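Okay, so the sequence shown: first residue is 1 according to UniProt numbering, each after it adds one.
To be clear, the hints were calculated from the coordinates, so they are not data collected in a lab. It is possible that part of the hints are untrue.
As the list claims (entries may be wrong) - Label-pair restraints from in silico Cβ distances:
no., residue 1, residue 2, range
1, Thr87, Asn59, 31 to 39 Å
2, Asp181, Leu121, 22 to 30 Å
3, Asp192, Ala18, 25 to 33 Å
4, Pro148, Arg184, 16 to 24 Å
5, Ala18, Ser85, 37 to 45 Å
6, Glu120, Ala18, 30 to 38 Å
For clarity, every value in this text was computed on a predicted model and none was experimentally measured. Beta carbons: idealized from backbone N, C-alpha and C, even for Gly.
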Amino acid sequence: MVGMMVSSEHNLTWHSTAVTPEMRATLSAQRPLTLWFTGLSAAGKSTLAFNLESLLIANRIHCCVLDGDNIRHGLCRDLGFDNHSRTENIRRVAEVARLMNDAGLVVMAAFISPYRRDRELARSIIGADRFHEIYVSAPLYVCERRDPKGLYKKVRIGELSGFTGVDSPYEEPDHPDVYLDTSRTPIPDCLDRLAGLITAR
Numbered sequence: 001m002v003g004m005m006v007s008s009e010h011n012l013t014w015h016s017t018a019v020t021p022e023m024r025a026t027l028s029a030q031r032p033l034t035l036w037f038t039g040l041s042a043a044g045k046s047t048l049a050f051n052l053e054s055l056l057i058a059n060r061i062h063c064c065v066l067d068g069d070n071i072r073h074g075l076c077r078d079l080g081f082d083n084h085s086r087t088e089n090i091r092r093v094a095e096v097a098r099l100m101n102d103a104g105l106v107v108m109a110a111f112i113s114p115y116r117r118d119r120e121l122a123r124s125i126i127g128a129d130r131f132h133e134i135y136v137s138a139p140l141y142v143c144e145r146r147d148p149k150g151l152y153k154k155v156r157i158g159e160l161s162g163f164t165g166v167d168s169p170y171e172e173p174d175h176p177d178v179y180l181d182t183s184r185t186p187i188p189d190c191l192d193r194l195a196g197l198i199t200a201r
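Modelling step: build the complete structure from the supplied sequences, incorporating the hints.
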């Protein structure tokens, strides 16, 4: 570890709060933001988020993906899928994203988040200036055809209920920052649009 010298002019106080998010952003040479990917299961949210992460890392942009798998198995493993639990899941994710933004990171949060009120809650926690809603759209029949986890199949044979888009509602965003129809737009083109959004920041 490289040694650091503390200047005698540095004003040291207990519990100092002198380091600001702006200072961290300057250090990392990037502006933090959260891209909130919303859409049906198998629409392509996590696929885009992880591919974007690889692209950003290749361009030396510090970032992280939050999605259902890495959140539900740890931070939110005590939650179910009733309305209250869904809201609490989104609240916790938003709080984590806010902390990551404060540390200077670009965050990709990929969650179905079917209700507008929950996405607005996330926006209010993260901050409107950092929050960008990405609506990843695909027709239900396309999502069912993809079905990487076999969830739609379980719904159709009665093994799973309360599934968003089938027997539970999904409220489309009214004015998303980015709209991506993955049934018509190839992944590379989607990534170009998302990279452009980050570059513009």
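Okay, the hints, checked on the actual structure:
no. : hint                          : verdict
1   : Thr87 <-> Asn59: 31 to 39 Å   : 35 Å, holds
2   : Asp181 <-> Leu121: 22 to 30 Å : 26 Å, holds
3   : Asp192 <-> Ala18: 25 to 33 Å  : 39 Å, violated
4   : Pro148 <-> Arg184: 16 to 24 Å : 19 Å, holds
5   : Ala18 <-> Ser85: 37 to 45 Å   : 39 Å, holds
6   : Glu120 <-> Ala18: 30 to 38 Å  : 33 Å, holds
The structure fails to meet hint 3 from the earlier list, while all remaining hints are met.
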